[in-house]
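The listed protein sequences derive, respectively, from chains A and B.
Heads up: the first sequence at position 185 corresponds to 185 in this note's numbering, and the numbers run straight through without jumps.
Heads up: the second sequence at position 232 corresponds to 232 in this note's numbering, and the numbers run straight through without jumps.
In short, the hints are calculated from the structure, not lab data.
Be a bit skeptical, because a hint or two may be false.
What the hints assert, rightly or not - To spell it out: a stretch of chain A is covered by chain B in this simulated footprint if at least three of its residues, at any positions, have a beta carbon under 8 Å from a beta carbon of chain B; those stretches are: (1) 66–80; (2) 193–202.
What the hints assert, rightly or not - With the C-beta cut set under 7 Å, the calculated list includes, among others, these residues of chain B facing chain A: (3) F214; (4) G215; (5) D218.
Stated by the list, open to error - Just the calculated beta-carbon pair ranges, DEER-fashion: (6) H208(B) / F329(A): 51 to 57 Å; (7) A150(B) / Y294(A): 33 to 39 Å; (8) A185(B) / I131(A): 50 to 56 Å; (9) T261(A) / Q90(B): 44 to 50 Å; (10) A150(B) / V178(A): 49 to 55 Å; (11) R195(B) / F329(A): 40 to 46 Å; (12) R226(A) / T196(B): 47 to 53 Å.
Please read these numbers as outputs of a predicted model, since none were measured by experiment.
For glycine and all other residues, C-beta sits at the position ideal for the given N, C-alpha and C.
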Amino acid sequence: MSSIADGTGRVEARPASERRSLPMTAKVALLALAAAIPLLFAGDYQLRFLAEILIIGTAVLSLDLLVGFGGLVSLGHAVFFGGAAYAAAIAAQTLGADVVVMLAVGIATGMASALLMGVVVMRTIALFFLILSLIVGQIVWEVVFHWREVTGGADGLRGFPVLTLHTGFATIPLNNGVALYLAALVLALAAYLAARSFVTAPIGRALLGTRERQLRMSALGYSIPRIRLMALLASGAIAGAAGALYPFVNQYVGPNAVHWTMSAMMIIMLVIGGVGSLYGAFIGSAIYLGIQTYVSSYTDRWQLVVGLVFVLTVMIMPKGVVAGLKAAFGRRKDAEGRS
Amino acid sequence: MSANAAPALAIEGVAKSFGGLKVLSDVSVTLGQGECLGLIGPNGAGKTTLFNIVTGFLIPDQGRVALAGEDITRAKPDVRVRAGLVRTFQKSMAFPELSVRENLALAARSRSGEGYGWFGSRKAVVAADEAADELLTRAQLRERAELPVAGLSYGEQRIVDVLVSLAMRPRVLLLDEPTAGLSRAEGEHLIEVVRTLGEDLSTILIAHDLDIVFGVCDRVAVLDLGRLIACDTPDAIKAHEGAQAAYLGASLGEAA
């Protein structure tokens with residue numbers, strides 16, 4: 001546990017002067033450029049795939065709030081995401097698929113699931129938290145799996161109305177790769193900024209404190225259940241927003257979306273990308289889904305490749321791929337600087 | 001202190017057992033406003049258990065605890081802290097990887113009720129940092145503000161511990177062996193910091209260094225095998241036969 005969770009606090013606590021990085025405007029420009037490249041070169045299928053990466057990545061980002069900053073490893077996280085996906089898919093059948101309505105439904109569902117989860121797991125930590133979150137998740141899975149009239153049971157749901165964006169004077173259908181990619185991009189960016197503001201705000205520092213020393217936080221006058229519940233709600237809201245868009249990109253939502261293996265997949269993505277880094281969630285999700293999509297066309301044993309990448313990441317770059325590459329690159333730069 | 005004012009802290013008939021082991025039986029002590037009360041006794045006498053009961057980490061089997069007249073026997077630890085009852089621990093409990101300032105600010109935000117802020121909490125962050133810096137300046141540790149606590153000397157860490165508890169602006173402060181492991185000079189400096197920064201503070205001090213206890217405390221309570229055997233002025237305790245026989249003996253002779 002500790003080795004996984006270690007990365008975060010120190011990164012955040014480091015004084016700004018120590019960080020060698022580009023000015024903010026240059027960063028934003030680079031990011032915008034990187035985001036625009038797929039629009040020029042990628043086809044419809046690839047753009048949809050990128051949208052999926054961004055959406056799953058956003059869900060993994062929300063998991064990072066719990067794991068990386070709260071030390072709360074949850075095997076029920078798929079409930080926040082998949083529950084919101086189902087809620088949006090079901091609501092779309094009667095309300096239509098206005099993107100704002102879908103996001104509201106998703107966020108509300110995510111937060112409601114987080115509240116439910118919070119009530120059950122609030123006073124537990126570590127292994128008990130893991131097991132209880134797993135149990136809550138599997139109860140939800142059972143309900144989804146057997147409630148055929150509403151959820152479609154094992155078959156899941158498909159055939160949704162087209163996702164639309166009302167701008168006041170025009171209604172834009174979000175039914176092609178470009179539109180879905182841009183929608184997912186906005187979602188991912190907003191989620192990242194929200195998560196970042198969370199971890200740098202007092203609540204985020206307090207959450208970090210509960211991960212390190214619970215007793216001390218009580219002695220400092222903090223209510224640990226309150227801090228954890230807030231983290232769960234923030235995480236649930238972000239995961240729910242991601243879940244709301246998922247059915248429209250994937251064009252299908254099935255019981256697997258709430259299954260514990262989905263939660264486990266998110267944890268693997270998080271570890272590969274870097275626990276406690278926030279942006280690592282997107283990298284991890286890109287690597288995992290990339291392997292799943294492209295290696296699986298050569299061999300059914302693509303999960304073996306995921307496993308290898310996972311093991312290698314943990315062994316060689318325990319703080320995740322990005323931090324690992326950065327460290328290797330940084331060392332080389334330092335050496336050059338000295339010579 | 002006016003005659004009818006409630007004591008800062010009242011412990012009444014507190015008893016606690018772990019399994020068959022009676023750790024505290026029928027302990028009653030009061031702490032007056034602005035008073036410094038020493039709490040001494042051999043290892044295992046129940047001093048820390050009493051602190052744990054007063055601060056809410058344990059619930060007593062019998063008896064009650066009142067803070068400024070208000071019953072807090074069953075209140076949660078964080079509720080008691082926000083009511084102004086703050087403690088330190090035997091082991092340093094600061095966050096070693098956070099900076100000194102951040103440790104103090106975490107405490108200051110808790111006290112001001114802004115510890116859970118998310119959006120728009122910039123002001124609270126700045127205010128807490130300023131409060132932290134002010135305390136550090138007064139304790140002459142301002143130049144250490146940016147360092148992680150783990151990078152300080154042991155003596156400085158213990159002072160930071162005390163500053164963290166002072167950042168919560170307590171009404172009652174419980175110090176659990178704050179001077180353990182410190183040299184005489186460091187210990188005296190730490191007590192000096194508490195006395196100068198904590199005006200109007202009511203304090204209970206657990207310490208093994210009897211010179212410090214007898215030197216700074218208004219009254220001293222002696223605990224032995226879970227019973228309060230004496231509670232009086234330092235001079236009276238030094239002369240108290242029961243206290244001597246039960247525990248003090250040799251050390252009191254040296255201290256006197």
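Hint check results:
Counting residues of the stretch 66–80 of chain A whose CB lies closer than 8 Å to any CB of chain B gives 0, which falls below the minimum of 3, so the coverage claim is violated. Using a Cβ-Cβ cut-off of 8 Å, 4 residues of the stretch 193–202 of chain A lie near chain B, which meets the minimum of three, so the contact claim holds. Proximity of F214(B) to chain A is violated relative to the hint, the smallest CB-CB distance being about 28 Å (cut-off 7 Å). Proximity of G215(B) to chain A is violated relative to the hint, the smallest CB-CB distance being about 27 Å (cut-off 7 Å).
Given hint, D218(B) at the interface with chain A, is violated; its Cβ is 25 Å from that chain's nearest Cβ, farther than 7 Å. Checked against the hint of 51 to 57 Å, the C-beta distance between H208(B) and F329(A) comes to roughly 53 Å, which is consistent with it. Our hint of 33 to 39 Å for A150(B) and Y294(A) is violated, since their Cβ atoms are close to 45 Å apart. Between A185(B) and I131(A) the beta carbons are some 52 Å apart, a value that agrees with the proposed interval 50 to 56 Å.
At about 46 Å, the beta-carbon gap between T261(A) and Q90(B) stays in the expected band of 44 to 50 Å. Judged by the Cβ atoms, the range 49 to 55 Å given for A150(B) and V178(A) holds: they are separated by roughly 51 Å. In this structure, R195(B) and F329(A) break the distance hint of 40 to 46 Å, their C-beta atoms being roughly 53 Å apart. Checking the proposed 47 to 53 Å range against R226(A) and T196(B) shows it is violated: the Cβ atoms sit about 34 Å from each other.
When each numbered hint is compared with the structure, violations occur for hints 1, 3, 4, 5, 7, 11 and 12.
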